[in-house]
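Enquirer: Sequence:
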Amino acid sequence: MSVRPNIRHAGHKPPFWRDRAKRALIFQIILIAVVTAFLAYIIHNTQANLNARGITTGFGFLSNTAGFGIVQSLIDYSSQSSYGRTFVVGLINTLLVGGLGVIAASIIGFTVGIARLSPNWLIARLANAYIETFRNIPVLLQIFFWYFAVLRTLPGARDSLAFGEAFFLNVRGLYLPQPLFESGFGLIPATFVVAIIASIALIIWNRRRHEATGKRLPAGLLSLVIIFGLPLLVLIATGVPVTWEMPELRGFNFRGGITIIPEFLALWLALSIYTASFIAEIVRSGIQAIPHGQTEAAQALSLPRKLVLRLVVIPQAMRVIIPPLTSQYLNLIKNSSLATAIGYPDLVSVFAGTTLNQTGQAIEVIAMTMAVYLVISLLVSMFMNWFNARVALVER
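Every letter in the sequence shown is one number past the one before it in our numbering, and letter 7, counting from 1, is 7.
Among these hints, one or two may not hold up.
For each label pair, taking beta carbons as the anchor points, the in silico distance ranges come out as [to be verified]: (1) Val-34 to Ile-75: 19 to 25 Å; (2) Leu-140 to Ala-300: 32 to 38 Å; (3) Phe-163 to Ala-300: 46 to 52 Å; (4) Trp-121 to Asn-388: 32 to 38 Å; (5) Arg-158 to Pro-304: 20 to 26 Å; (6) Gly-186 to Val-34: 56 to 62 Å; (7) Gly-186 to Gln-358: 25 to 31 Å; (8) Leu-50 to Phe-163: 53 to 59 Å.
Hint data in this document are derived by calculation from the structure and do not stem from the laboratory. Built from N, CA and C at the ideal position, the CB exists for glycine as well.
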């Protein structure tokens with residue numbers, strides 16, 4: 001009995017239900033159709049429920065008068081401003097506490113992380129105690145601690161803690177001198193921008209010169225001199241067109257100057273200290289990930305410990321540190337939404353809170369708030385990914 005071999009002609013095509021590529025395409029089309037139908041159902045059902053309850057939709061409410069005040073605003077705002085203005089004020093306040101929190105957490109985290117590896121027993125134990133204490137306490141409790149247990153126990157305005165004749169701290173906040181810019185001050189920021197561009201050009205030129213000749217200048221120090229020295233010279237040359245408005249106690253409160261409300265201080269301190277404890281562990285693990293032979297080779301060249309850390313260890317450790325560091329930055333920005341617990345006027349508090357309660361436009365308000373946090377997170381991720389690619393080890 002002979003078995004006929006299964007011989008396929010070169011031009012023969014299998015049926016589409018046996019073609020993996022075609023089956024995958026069909027399944028993807030079906031999945032897209034199901035998801036689209038589900039979303040259409042959700043949208044139709046939501047619209048029907050809103051119409052049944054007489055709730056209008058749209059973003060026209062943004063032009064209506066808000067009718068409430070905001071305790072902190074970096075732009076002009078009053079109770080007669082629109083809800084759109086409220087959104088902008090909340091967004092700026094969120095960016096303010098998030099940006100300053102990232103800077104403070106990075107500085108504290110890197111310092112504590114390096115101190116954690118110090119050969120000094122006391123410094124290393126103090127750094128370890130800081131990490132184990134603050135990273136194991138929920139950030140919300142830390143916000144409450146700084147607000148209720150620390151800042152709310154400060155003396156009143158008449159008994160303020162004075163630092164010289166310009167800085168005052170009391171239960172209502174921190175009062176600082178406010179700069180008042182006069183004619184001709186516009187040259188200062190312009191000079192500062194020019195100095196930054198010149199410093200970047202100097203660093204790039206110095207790097208190429210070092211690769212070509214092996215010689216290099218202290219570009220970092222020179223850049224700092226240019227960035228701070230050039231605007232200072234212009235400031236002196238223009239006659240220092242800046243005056244200072246000092247805070248003064250008038251009646252039961254201070255008038256004039258800059259006021260930093262206690263809600264901002266509590267939120268900023270809690271987010272910075274809490275996130276810094278995680279960053280410190282990231283920095284420690286990144287440094288320890290570098291082979292010990294790198295350190296020994298640098299020490300064999302008689303390099304001081306500070307130069308070994310700055311020129312050999314840290315540049316290599318950054319390749320390990322940056323990816324998890326990105327997650328901590330994103331967590332800090334998102335944790336800033338806890339500001340509503342102590343009344344700091346961030347985006348969630350004044351827009352997703354007060355504005356939502358007054359307008360009833362839940363879908364629009366929540367969608368805008370979610371979109372803001374999504375865009376901020378994506379921008380931070382894009383920047384950190386770009387920076388990570390810049391410091392990545394390039395193989396030849």
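Enquirer: If a hint holds in the structure, say so; if it does not, say that too.
Expert: Tested hints:
1. At about 46 Å, the beta-carbon gap between Val-34 and Ile-75 misses the expected band of 19 to 25 Å.
2. One distance hint, 32 to 38 Å for the beta-carbon pair Leu-140 and Ala-300, is violated here, with the actual separation near 50 Å.
3. Taking 46 to 52 Å as the suggested C-beta distance range, the pair Phe-163 and Ala-300 conforms, at roughly 48 Å.
4. Range check, Trp-121 to Asn-388: Cβ separation about 35 Å, and the 32 to 38 Å hint holds.
5. For the pair Arg-158 and Pro-304, the supplied restraint of 20 to 26 Å is violated, since their beta-carbon distance comes to about 52 Å.
6. Take Gly-186 and Val-34: their Cβ atoms lie about 59 Å apart, and the range 56 to 62 Å holds.
7. Taking the beta carbon of each, Gly-186 and Gln-358 are about 40 Å apart, not inside 25 to 31 Å as hinted.
8. Distance hint for Leu-50 and Phe-163: a CB-CB separation of about 55 Å, consistent with the stated range 53 to 59 Å.
Comparing the model with each numbered hint stated earlier shows that hints 1, 2, 5 and 7 do not hold.
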